[in-house]
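Trainee: Next come the chains, spelled out residue by residue.
2 protein chains.
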Amino acid sequence: MPETMTMVLDKVNSPEDLKKLEISELYKLSDEMRELIIKKVNTTGGHLGPNLGIVEATIALHYVFNSPVDKFVFDISHQCYPHKIITGRKEGFTSPDMYLKYTGYTSPEETEHDLFKIGHTSTSVSLATGLAKGRDLTGGKENIIALIGDGSLTGGEALEGLNNAATLNSNIIIIVNDNDMSIAENQGGICNLLTELRENNGEVKNNFFKALGFEYHYVADGHNLENLIKTFSLVKDTDHPVLIHIHTIKGKGCEPAMINKERFHWMLPGELDRLNDAPAPQSESYESITKDYLLRKVSEGEPIIAMSAATPGVFGWNKEFRDKLGTHYIDVGIAEQQAVGMASGIAKRGGKPILAFMSSFVQRTYDQLSQDMALNNAPVTMLIFWGGISSADATHLCTFDIPLISNIPNIVYLAPTCKEEYERMLDWSVNQNEHPVAIRVPFEISYSGEKDTTDYSVLNKYKMIEKGEKVAIIGLGSFLEKGRELKEQLKTQLGINATLINPRYITGIDKSMLEDLKAEHSVVITLEDGELDGGFGEKITRFYGNSSMKVLNYGALKEFTDRASVEDLYNRYRLTNALIIEDIKNIL
Amino acid sequence: MPETMTMVLDKVNSPEDLKKLEISELYKLSDEMRELIIKKVNTTGGHLGPNLGIVEATIALHYVFNSPVDKFVFDISHQCYPHKIITGRKEGFTSPDMYLKYTGYTSPEETEHDLFKIGHTSTSVSLATGLAKGRDLTGGKENIIALIGDGSLTGGEALEGLNNAATLNSNIIIIVNDNDMSIAENQGGICNLLTELRENNGEVKNNFFKALGFEYHYVADGHNLENLIKTFSLVKDTDHPVLIHIHTIKGKGCEPAMINKERFHWMLPGELDRLNDAPAPQSESYESITKDYLLRKVSEGEPIIAMSAATPGVFGWNKEFRDKLGTHYIDVGIAEQQAVGMASGIAKRGGKPILAFMSSFVQRTYDQLSQDMALNNAPVTMLIFWGGISSADATHLCTFDIPLISNIPNIVYLAPTCKEEYERMLDWSVNQNEHPVAIRVPFEISYSGEKDTTDYSVLNKYKMIEKGEKVAIIGLGSFLEKGRELKEQLKTQLGINATLINPRYITGIDKSMLEDLKAEHSVVITLEDGELDGGFGEKITRFYGNSSMKVLNYGALKEFTDRASVEDLYNRYRLTNALIIEDIKNIL
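Residue numbers (the numbering used here), protein chains in the order written: chain D, 17 to 604; chain U, 17 to 604.
This is chain D alone, in the form it adopts within the complex:
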């Protein structure tokens, strides 16, 4: 639409304004919001499909309820763009120079209409039960509304939350936004029962939600404002738990996003403009190496099974690849605990599970890593992708996987630094039956040019890259490269021929090598791409605690950063050659 035309949105600066509009205007508003979202996301990248699907429902919610008195909790909250537009943040969608002003998630720092920062799924129902209970304890009367996607519904916290919400004996309204998709396809019994409900207009013999104890309503067309408003009005101020199941279309209003729901769940900038481009030639990457390995093993008849918890795209496991794997692939849905429990069972029954997680999501399971897997020494292979310091949103940081995984007994957590090591480690892990193994897959490919023939079953043997003196640099995983650069600078600037070590094992200390360093070194530097607290370097420092060796640990501080530039973070963490050399000079 030409920008000179009058927009309904011009009249909407807060939810209150919405209530004055006619239904026809609300529909026009929906169209305007869709257009803004498409344009903005195609410029900055972000979540497209989820937001396009929830436009009318968000308008209807704000039309019927009274935010911020009534309280909304958006699950994952990457479906909150329409909510942001309505609640005073439309400039983040109308003005390209404001596109990055607001996060892609709800944020209490931005407005009183947002209650929580939420970036991991399946949390909304639990949080809403808390808001409801807090309201009841303090004598409040408002409505508490959780909006959860069908994909998020399969996560343990969501299911625990539903079990509790159902017997709250008080006002709570759960809206299940059912678009028949998780990030990839939906999985499991809940997916099937939602399908059955949709196919029968909400009338089925065995209604899961009614069985739990909810008053259940079905809205067949989740883009019909009249029906949404009618249903929301009906349950407003309820005194008991209600669940409204609305059927929406992911990507609604954007043809490519409706056709390819998985690709446009989250998209890169400009992707809508590249629809017809020939696929860019794929250069080799850790993703492609992993995929080739898996396919080869399957073709060799190995009982391999690649496993994902709803995020196959993170590892490049697209539909074509998944189809090739066939029964050698399983997506358990958003259910990381199930993923680890199931992988442990598969491994104990002779299968070879290779379970991939994005670093930020591995923390959605912990007890399973410890009890199902580690305590039972189940020979699962876990691949941890994207671990490291990044400019991510506060909800998607990837700096915590080392403290999380490496302090659990029995797990062997490996940090390859190049293709050769990665392939060797992966193959070793898959072929052994003694240890649960995790591999921290680096982001960018590199090559040592030397075949790796290491026997990784001899645990905790570090690799001496070059023996020098005075200063020893231990560069973990992708930070070995930083170690190399530091070594060069030490030579140039201080004339020190430093030792460089590739530790390879995150979960153990090479006591013998560390002991040997004492002879000709007075300083050890550790470099890790993750949180220092509870991480790798501290173990090295502890080892040297009774000696005169000085040890400097470099990595991330214990903090939630939020879209900070990596350069700023490196400076603040003193993770630059100049700052490290300054520190070394101070103690030499």
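One thing to keep in mind: the hints can contain errors.
Pairs count within a copy or across copies, as identical chains cannot be separated in the list.
With a straight-line Cα cutoff of 25 Å, these simulated DSS-like cross-link-like pairs (lysine-lysine) come out [stated by the list, open to error]:
id	residue 1	residue 2
1	K313	K157
2	K601	K534
3	K534	K486
4	K268	K335
5	K435	K313
6	K479	K435
7	K106	K268
8	K35	K252
Since the hints were derived computationally from the structure, they do not count as laboratory data.
Fit chain U to the known structure of chain D by using the hints.
Mentor: Quick look at chain U alone, frame taken from chain D:
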């Protein structure tokens, strides 16, 4: 029964033997097994109610299926005593001198009939889906059977597991052992739907399990061997997911355990002999202090809410106390993720949640601690009980809570050393709104005799107990006492007047005090009652990494110990005055 009488059990040395018996003999066997279990548990302590309830079902399972080819997974596995008796370990129940030979949980080290070590609930379905998938990948044909209690069913992993099991398209048999109890009362919608199923002989309008996609069977009397055997036989070798709901009586065959199901879920030695004893006079404890505090705050009209995830007994929150709290108490069931998510919501809505966990179970939630609570700075108060090195079973270790909690940003984790500090910390935490706070409640009460007037909002200020020289001892929480003893020994044995510090904060460093120590000390000793890796002491060591201060960290090694004596562990961890002094002598 007189021991000279012929027992059916004499004929049963393996599951095979069972198949040769008449039904009447199986009933007699049930009685014999019950008697053995009661006698054994009343001698050693252990889980009584769960095991008495599952005797007939276990017999029927082994009668119908062929273990170890067919595979059983017992959820929690504290209902595995009958299974142990049948699978070659009856000596552990017939011979008092063998009572402690076997663990109270399944253990693959004991027999091929056990697949996993399992001590945390809600894992069986996930593990079973893995066994089933592993079987299918490797061309096996056996039955996979998970036995899960109704209480365990409310845990996230169990629900994620059911969602996946329902669409496995392959043999898997889930047996829900419904005794209408968790450890305490059951909670939530699932509890209600099970009740409805029981009251209607399995025939209801909205069947939760059928909704998920299971073939569903109900056995109204889970102690009727004929019915159990008939139903198990019917579903044996099924090619699709089946769920059998059996109704049993917790504590069956032991009157006191049937009357007081909560008290006899797990019992101390001899408790059956003390039924009519007047309750022992309760001396003051951290449990009683906590209870008094909660009741006082409620009576003052504070929006306090005490929260538990199914284990109120661990904190002494008995029925009488819970009834007194009324709406100021909530048990979310076995659902730790929900507990943290809900607490975060309550705190954000002005309520004052005080959420108690046993150390070993706090690890059943992690992402919620990080995302729902810490990232949102929700002012939740968490009480962590039983943290420390112990002789516990490998599945119930309490050494991991510090690495787990303390490396998450924003959480303030406190370690009181006496009643005065505990009360002050608790009250500070409840009255502030800035931080999520966890308090590590010591096991044994002690008193400083001094009113604590600390303002704990000034974070990370350690307390100098006594300033000395050369050696500084930092004794965390309950290990401050160890620090005191060590200080005395250093005086006596080496003539050193050591400094003693009570750090109080687990999650931060008092840089100023640590810096000051450099002047007159050359050695710092840290003492913590938990895992060293990722723990408290390593942070101190890292702080001193660039200095000439020597630092020795004492605590638990990274390992799963199993019913090891604390004395042995202390010796192995060098956690004795003699060994520490030896280490100090070596570096002074």
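Trainee: Take the hints in turn and mark each one as holding or not.
Mentor: Cross-check of the supplied hints:
no. : hint        : in the structure
1   : K313 - K157 : between (59 Å within a copy, 23 Å between copies)
2   : K601 - K534 : both (19 Å within a copy, 20 Å between copies)
3   : K534 - K486 : both (9 Å within a copy, 24 Å between copies)
4   : K268 - K335 : within (22 Å within a copy, 53 Å between copies)
5   : K435 - K313 : within (18 Å within a copy, 60 Å between copies)
6   : K479 - K435 : within (16 Å within a copy, 50 Å between copies)
7   : K106 - K268 : within (20 Å within a copy, 64 Å between copies)
8   : K35 - K252  : within (15 Å within a copy, 60 Å between copies)
When the structure is compared with the earlier hints, no violation turns up for any of them.
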